[in-house]
Amino acid sequence: MRGGTRMAEAGLLLCGTVTTDGIAKKALDQLRTSIDQFSTRCTEYLALPEATADMIAFGPFCARVLLENCCAALLGRLDPFRILYLSEFQSQPEYEPSKRARSAFSWSGDVIPEERPAVELWSVDHDTSKISRALFSKHGDHIYWKPAVNKMLDHLASIDPDPDLAELRQLEAESYLSQTEGRITQLYSTLSKSVHWEYFSSVLVYDEVTVKTLIRDTCLLVGHLGLTSHYIPTAFGSLAPEEAVAAYKPFRRALS
Amino acid sequence: MKNQVPDHQDADLILAAEECPPETFSQYHRFTSSADETIIRKLSAHGPVLLRGGRGSGKSALLIEAHRRMVQAGNTFPVYVSLRYLPLLQSDGEEYIKHFCSHLAHAISQELIARSIEYDFGSPVDQATFQIEMLRMSQTIGKRIVLLFDDAAHIGREAPLEAFFDLFRTLSSNLVSCKASIYPGVTRFGVRFDVYNDSTVVDVSRADVSANTNFFPEVVRARYPKLAERAIFSDRLSPVQFANLLGRTVVGNLRGFILACNRFVHQERIGIPEIQKCMLEMATDYYWPLMEEVAPKLGIYEPLVEPARDVVEVIVDHASKPVKDRSRPIAPDRVLIHRQSVSEFAKIFEILEYLGFLARREASRALKSGGRGPVFALNLCHLLEATPNQRLTYEMVQEWMAGSGELAELHVSGQAFSKISLPSLAETKGLAILDRPVKTLAKSRAYPYGFTENLIGRLEADGIATVGALALSTDTQLDAVRRVGEATIKKIRGVVEQAIWM
Numbered sequence: 000m001r002g003g004t005r006m007a008e009a010g011l012l013l014c015g016t017v018t019t020d021g022i023a024k025k026a027l028d029q030l031r032t033s034i035d036q037f038s039t040r041c042t043e044y045l046a047l048p049e050a051t052a053d054m055i056a057f058g059p060f061c062a063r064v065l066l067e068n069c070c071a072a073l074l075g076r077l078d079p080f081r082i083l084y085l086s087e088f089q090s091q092p093e094y095e096p097s098k099r100a101r102s103a104f105s106w107s108g109d110v111i112p113e114e115r116p117a118v119e120l121w122s123v124d125h126d127t128s129k130i131s132r133a134l135f136s137k138h139g140d141h142i143y144w145k146p147a148v149n150k151m152l153d154h155l156a157s158i159d160p161d162p163d164l165a166e167l168r169q170l171e172a173e174s175y176l177s178q179t180e181g182r183i184t185q186l187y188s189t190l191s192k193s194v195h196w197e198y199f200s201s202v203l204v205y206d207e208v209t210v211k212t213l214i215r216d217t218c219l220l221v222g223h224l225g226l227t228s229h230y231i232p233t234a235f236g237s238l239a240p241e242e243a244v245a246a247y248k249p250f251r252r253a254l255s
Numbered sequence: 000m001k002n003q004v005p006d007h008q009d010a011d012l013i014l015a016a017e018e019c020p021p022e023t024f025s026q027y028h029r030f031t032s033s034a035d036e037t038i039i040r041k042l043s044a045h046g047p048v049l050l051r052g053g054r055g056s057g058k059s060a061l062l063i064e065a066h067r068r069m070v071q072a073g074n075t076f077p078v079y080v081s082l083r084y085l086p087l088l089q090s091d092g093e094e095y096i097k098h099f100c101s102h103l104a105h106a107i108s109q110e111l112i113a114r115s116i117e118y119d120f121g122s123p124v125d126q127a128t129f130q131i132e133m134l135r136m137s138q139t140i141g142k143r144i145v146l147l148f149d150d151a152a153h154i155g156r157e158a159p160l161e162a163f164f165d166l167f168r169t170l171s172s173n174l175v176s177c178k179a180s181i182y183p184g185v186t187r188f189g190v191r192f193d194v195y196n197d198s199t200v201v202d203v204s205r206a207d208v209s210a211n212t213n214f215f216p217e218v219v220r221a222r223y224p225k226l227a228e229r230a231i232f233s234d235r236l237s238p239v240q241f242a243n244l245l246g247r248t249v250v251g252n253l254r255g256f257i258l259a260c261n262r263f264v265h266q267e268r269i270g271i272p273e274i275q276k277c278m279l280e281m282a283t284d285y286y287w288p289l290m291e292e293v294a295p296k297l298g299i300y301e302p303l304v305e306p307a308r309d310v311v312e313v314i315v316d317h318a319s320k321p322v323k324d325r326s327r328p329i330a331p332d333r334v335l336i337h338r339q340s341v342s343e344f345a346k347i348f349e350i351l352e353y354l355g356f357l358a359r360r361e362a363s364r365a366l367k368s369g370g371r372g373p374v375f376a377l378n379l380c381h382l383l384e385a386t387p388n389q390r391l392t393y394e395m396v397q398e399w400m401a402g403s404g405e406l407a408e409l410h411v412s413g414q415a416f417s418k419i420s421l422p423s424l425a426e427t428k429g430l431a432i433l434d435r436p437v438k439t440l441a442k443s444r445a446y447p448y449g450f451t452e453n454l455i456g457r458l459e460a461d462g463i464a465t466v467g468a469l470a471l472s473t474d475t476q477l478d479a480v481r482r483v484g485e486a487t488i489k490k491i492r493g494v495v496e497q498a499i500w501m
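Those protein sequences? They're chains A and B, same order as listed.
For the record, in the first sequence the residue sitting at position 97 is 96 according to numbering that gives the first Met the number 0, with numbers rising by one throughout.
For the record, in the second sequence the residue sitting at position 463 is 462 according to numbering that gives the first Met the number 0, with numbers rising by one throughout.
Hints were generated in silico from the structure; no laboratory data involved.
Only pairs whose alpha carbons sit at most 25 Å apart, straight line, appear in this in silico DSS-like list of lysine-lysine:
(1) Lys276/B with Lys320/B
(2) Lys142/B with Lys192/A
(3) Lys323/B with Lys367/B
(4) Lys98/A with Lys192/A
(5) Lys145/A with Lys367/B
(6) Lys150/A with Lys367/B
(7) Lys323/B with Lys276/B
(8) Lys150/A with Lys137/A
(9) Lys320/B with Lys367/B
Go ahead and model the full structure; you've got the sequences and the hints to work with.
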């Protein structure tokens, strides 16, 4: 099975290494286990020479879980308060699994900012409550992602060229987040349609080539985000640059 | 061999993918890398895709291969549509949409016939009707439609692009997957099209031969089996090195690569001196004539050709300076340019990249002097030409192919580009080539398969005086010209295609 077992690196790439015991470690360990499990399943589907009913039915589901878990892990590493709050809340008697919690982790709000940002990034009139702390917020882009992409590119420029790292050299700090946000939104929506069984016409059902493309694009996108996150100085549990690259390479190779 | 125009037998090998007969397509095209496989899958899957690459980077071949595989698989209805259609180049807005719909409807009808599917697609003339017609057809035939638009954007005529991307967005749906090839630097997507949300952009680049060492050797094995035989190469040069070196020389441009290979077809022995000769000749008889050929197709950007030459000379001169100064034995083959300079000459860099003079290898790297900028790989022909003794050594081959040597840097405070002035550009201008006399297409370095004086005389005698008039002539009109038959019409069409399209 191409790369199946090596995808264990995916959890490390997204969650980093946390040595200090506590709620954050438990939450990230849980996410890491899930990421490893679903990324391994994803690469197993990618390696199948022919479509199987399982791959068509469960491939988009696995990719969507992977996408959500990875974004949750990244959010937790960038904004630990959020993951600590959720983890703590879920242990409280007030948390009822049968009811929708308004503060639950949500795609719109935690990953993609809910409101359109103000035209100016900086203004004395901006209210703190309205400054989005979503993973892909404009301020997050300015504070976290842009400097991290440049740091990563500087690190890559200092090491020997490697085919596994070639496409990373095409990334650009200025456009990285808008590009990633656009693609991740498309992927989330496309994968969801297969999870919710929205299609009632056989013409619309995803074929092998579509499922594999979706799985691969999802893995690649979270891989890039995971690697970049280790160049954010304040991110929790970050790996050293060399370790991050070492974790990324087998992950990338498994998608070749 | 200098200035020699290849003979017609060689010309048969210079097949642009879209001109290659379907029955021989697989014989001449190879898609063995995982990157190619990934692209082909994206071109077949659900979802809108923009395939971005320079001239001769292999975009058309990838679209055609995706079409071929989808036809074979049978679970989708793929339509390959070349947008090399003169009325599209000469119109905008509503008129563009009308021509587009009629052209696409024709392509769909042809595909229905080819697939032996009995369905009358009709002739919708606006976007809304077209969209409804396609959804109806998809549901009736029970297949998802995949539209593969080739040559969607012409570098010299940007006005219709907004209309095209609007159509691309409107026609895309769960039942209709739109894919289109574009060139690097297309930025006029229009107000309704958000490139990151409404599509996935996929880059085709073969400039880094160290990242994929199999591609060019595979092309050589498929097209020039003799050039893949160990026996004709010198001890220090293997067939794989030969293919990859030529691939690197032309910064991954397939057209340039084929033209380079053609120069070795009749050689009995190939070593580094022969490659050196080829590189120096191509600097003169391939790259500069390419600029001449392209100039009249650039529309409002035609005046940028002269400064584009200057930019190439400045970059190459800068890269070769350490060798001239004797501070380094080998000139760096890649140059890091401050993004402010690249942005000042943005259209020029776009043209140079499009033509394969250079290729963007990295999007952003830090300069030692501060700031960031892209890294461009230079074509090795000009680089070798600019080095003092113009001698290619084994060490140079090793370093240039590995892509690991130090970079040349052009920082923003340097004076390198200061003498290049940018001409002001006209608001709108059609393509000058359309108004040029037919004799422009005479056999020359720019048009190696151009017309004879005799043919030009006969066309003029029949009132076909300009390239535009020739492009609009029907087969019947051309057939009426003295001593022009089916074969000559085909040749005329080929040359006109080369003259107008990129």
